[in-house]
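**Q** Sequence:
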Amino acid sequence: MAYMSPTYFSKKFKKVTGFGFNEYLNNVRIKMATNMLVETQYSVTEIARFCGYKDSNYFGDVFKKIMGVSPSKYRKANYTF
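In UniProt numbering, the protein residues as written are 1 to 81.
One or more hints might be untrue.
[Claimed, not checked] Distance ranges between label pairs, derived from CB positions:
1) Gly68 x Phe21: 16 to 24 Å
2) Asn57 x Lys31: 15 to 23 Å
3) Ala2 x Glu46: 32 to 40 Å
Worth flagging that the hints you see were computed from the coordinates, not collected in a lab. Built from N, CA and C at the ideal position, the CB exists for glycine as well.
Whole structure, please, built from the sequences with the hints as guidance.
**A** Structural data, given as structure tokens:
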């Protein structure tokens, strides 16, 4: 595997995907979180950790920015159990 600087990687990644790497990663993590919120009974804090967030408050902020509602409100509106 060839070495790439973080800056070079970020530029190439955005050119190919149309997303910055962190934006892409957050979207993947939040998609995983939405599935877990409606299909499991794990707490929001546990889901945040499973999805790679160390800080559940930060997870909540990112979730709300992407989904438009908090994780708790998303769960209440979509919970399947």
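**Q** Honestly, do Asn57 and Lys31 meet the 15 to 23 Å range at C-beta?
**A** Holds: the Cβ-Cβ distance is about 20 Å, inside 15 to 23 Å.
**Q** Between Ala2 and Glu46, is the Cβ distance one that fits in 32 to 40 Å?
**A** 38 Å, holds
**Q** Regarding Gly68 and Phe21, is the given constraint of 16 to 24 Å on their beta-carbon distance met?
**A** With a Cβ separation near 23 Å, Gly68 and Phe21 satisfy 16 to 24 Å, so the hint holds.
Hint compliance for this structure: every hint is met.
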